[in-house]
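A.B. asks: Read top to bottom, the protein sequences are chains A and B.
Take any residue in the first sequence, count from 1 to its spot, add 375: that is its number in the working numbering.
Take any residue in the second sequence, count from 1 to its spot, add 375: that is its number in the working numbering.
Calculated from the structure, these hints are not laboratory results.
There may be inaccurate statements among the hints.
Identical chains blur together in the list; that is why a pair holds if it fits in one copy or across any two.
[As the list claims (entries may be wrong)] Once the Cα atoms are required to be at most 27 Å apart in a straight line, the calculated BS3-like pairs of lysine-lysine come out as:
| # | residue 1 | residue 2 |
| --- | --- | --- |
| 1 | Lys473 | Lys674 |
| 2 | Lys659 | Lys394 |
| 3 | Lys473 | Lys489 |
| 4 | Lys484 | Lys499 |
| 5 | Lys476 | Lys489 |
| 6 | Lys662 | Lys517 |
As a plain string of letters, each chain reads:
Number of protein chains: 2
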Amino acid sequence: MDRFELNILGCGSALPTFKHNLSSQVINIRDKLYMIDCGEGTQLQFRIMRLNFNRLSHIFISHLHSDHCLGLPGLISTMGLLGRTAELHIHAMPDAEKIFKPLLEYFCKELPFKVFFHSFNPQKNELIFEDRTLSVYTIPLKHRVPTAGFLFEEKPKSAHIIREMTDFYQVPVSQMKAIKEGADFITPSGEIISNKRLTRPAEAPHKYAYCSDTAYSEKVIPIIENVDLLYHEATFCESDLARARETFHSSASQAADIALKARVKRLILGHFSARYPDESVLLKEAKKIFPETLLANEKMTIKI
Amino acid sequence: MDRFELNILGCGSALPTFKHNLSSQVINIRDKLYMIDCGEGTQLQFRIMRLNFNRLSHIFISHLHSDHCLGLPGLISTMGLLGRTAELHIHAMPDAEKIFKPLLEYFCKELPFKVFFHSFNPQKNELIFEDRTLSVYTIPLKHRVPTAGFLFEEKPKSAHIIREMTDFYQVPVSQMKAIKEGADFITPSGEIISNKRLTRPAEAPHKYAYCSDTAYSEKVIPIIENVDLLYHEATFCESDLARARETFHSSASQAADIALKARVKRLILGHFSARYPDESVLLKEAKKIFPETLLANEKMTIKI
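Work out the full structure: start from the sequences and follow the hints.
C.D. replies: Here it is, written out as structure tokens:
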């Protein structure tokens with residue numbers, strides 16, 4: 376199976392603690408890296424997890440709160456010192472460029488690579504990035520400032536050739552591509568060999584959804600339906616629901632509710648408030664509603 | 376003895392490593408804290424060292440390179456979240472306000488305290504701050520951008536009263552302050568009691584000097600002469616002197632040379648390049664010239 380992994384660099388909220396770093400994740404898809412959020416300290420966590428800066432070209436910022444983006448200037452400065460020449464693309468709210476460009480111009484004057492800001496509308500569910508293997512869509516969230524989650528969706532893969540069958544029917548190499556993409560094969564004598572006999576279907580494309588920071592919002596459900604893994608913030612537990620509402624965050628139960636209603640395969644909780652010395656209280660709460668739940672933690676790598 | 380301590384929060388250079396954080400120190404003088412430099416990650420190191428944000432009101436920034444100041448916005452944001460109301464003063468180059476103010480205005484909109492920027496001229500050796508116990512002077516350094524070190528100098532303390540003597544001469548309470556400050560005492564019968572018989576001299580005021588980042592510069596010597604402790608950068612060892620010259624940094628030998636010529640009491644080396652897996656090579660080099668040398672390290676507290 377092709378690699379599709381989630382690396383947790385930080386899953387704390389608001390301020391860094393002895394236990395949790397600020398929000399940042401790196402998706403590894405066939406050894407290309409995609410970063411989501413970049414709180415202060417991310418560059419060090421990136422190195423601690425032995426990820427490779429050269430494989431990272433796209434960073435997606437969910438919203439412009441300090442704990443989700445203040446690691447950007449330091450990360451970019453370090454990439455420059457390490458001699459990076461490849462372009463770096465930052466996908467964020469329109470304000471991001473206004474805020475960070477002057478800082479980069481001051482601190483990274485002699486940057487040996489270009490940084491591009493791409494802005495998106497966090498109120499819309501739309502395709503904001505794609506390459507050969509991946510599409511990234513925004514997920515409108517409900518927070519104190521404009522915020523978007525992200526849906527990472529692998530592109531459909533072509534079917535696997537059953538070598539014994541194509542050998543048997545002497546399928547010429549020139550037709551292999553078409554067969555991979557679903558075509559039948561017509562033998563020189565005119566016999567039609569159904570594509571189903573020549574191929575095994577590809578694995579279903581993998582999907583990962585990141586929903587942080589957000590209050591409980593059922594609007595995300597149709598977008599994240601059936602994903603393999605959902606990262607949903609669970610800043611608070613149910614007994615602190617008033618505080619969750621006030622700050623536009625979610626409780627662990629609410630995260631589990633969303634996971635259940637969206638029929639996702641697995642749920643991973645994160646963005647923990649520093650008030651819980653033991654987060655198993657959040658896990659227990661969520662598992663009652665959605666058993667396939669786990670807690671995020673720094674240095675964790677999860678196969679999707 | 377009154378407390379005068381140096382806390383090392385970070386002593387690496389350029390980029391954070393598994394071993395060293397970026398530049399930051401906290402001077403503790405009678406439980407008032409003064410920060411020098413604030414690289415990314417400083418707020419977490421501050422908490423790890425169990426220092427108290429409420430005791431910190433002044434931050435001194437040596438120069439506007441990313442590894443010395445990018446921790447400021449996160450630190451300020453966290454202070455806000457923790458409910459600080461006391462003013463915070465940042466002493467730095469004039470550009471600092473231009474660079475950081477827009478960031479603070481964006482990320483710390485509802486900050487419950489005021490942040491003041493005070494600018495100084497790094498080319499001058501002048502008093503930039505004083506309070507009841509302390510004077511801080513700039514030390515012009517020689518780096519790629521305008522840079523100043525800092526001299527922290529305790530104010531002279533008043534002499535100690537010898538209680539037995541003042542009792543013997545029945546010195547009235549109203550005259551004690553004058554005697555502490557050096558006055559003689561005249562008895563009701565007109566006898567002059569010399570101040571020397573009534574007091575023991577105070578301890579000499581303590582002095583700490585911070586010189587980072589800088590190439591070898593003898594101009595600092597008259598300013599830092601006789602300090603109790605000198606922190607001098609030693610980014611490189613002598614065999615990498617060409618690289619040190621090129622980047623306007625110092626070797627460990629050069630740091631020791633300055634310490635020797637300035638007749639300081641102790642030297643502490645820091646701002647280590649990540650290229651040395653074992654910094655004892657730097658220590659050995661410096662100790663040959665100036666034996667009273669030690670290596671900085673994170674979480675270290677040194678009595679001055």
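A.B. asks: If a hint holds in the structure, say so; if it doesn't, say that too.
C.D. replies: Here is how each hint holds up against the structure:
no.: 1; hint: Lys473 / Lys674; verdict: neither (32 Å within a copy, 37 Å between copies)
no.: 2; hint: Lys659 / Lys394; verdict: within (20 Å within a copy, 36 Å between copies)
no.: 3; hint: Lys473 / Lys489; verdict: both (16 Å within a copy, 23 Å between copies)
no.: 4; hint: Lys484 / Lys499; verdict: between (35 Å within a copy, 26 Å between copies)
no.: 5; hint: Lys476 / Lys489; verdict: both (12 Å within a copy, 25 Å between copies)
no.: 6; hint: Lys662 / Lys517; verdict: within (24 Å within a copy, 60 Å between copies)
In summary, the structure is inconsistent with hint 1 from the numbered list given earlier, while agreeing with all the others.
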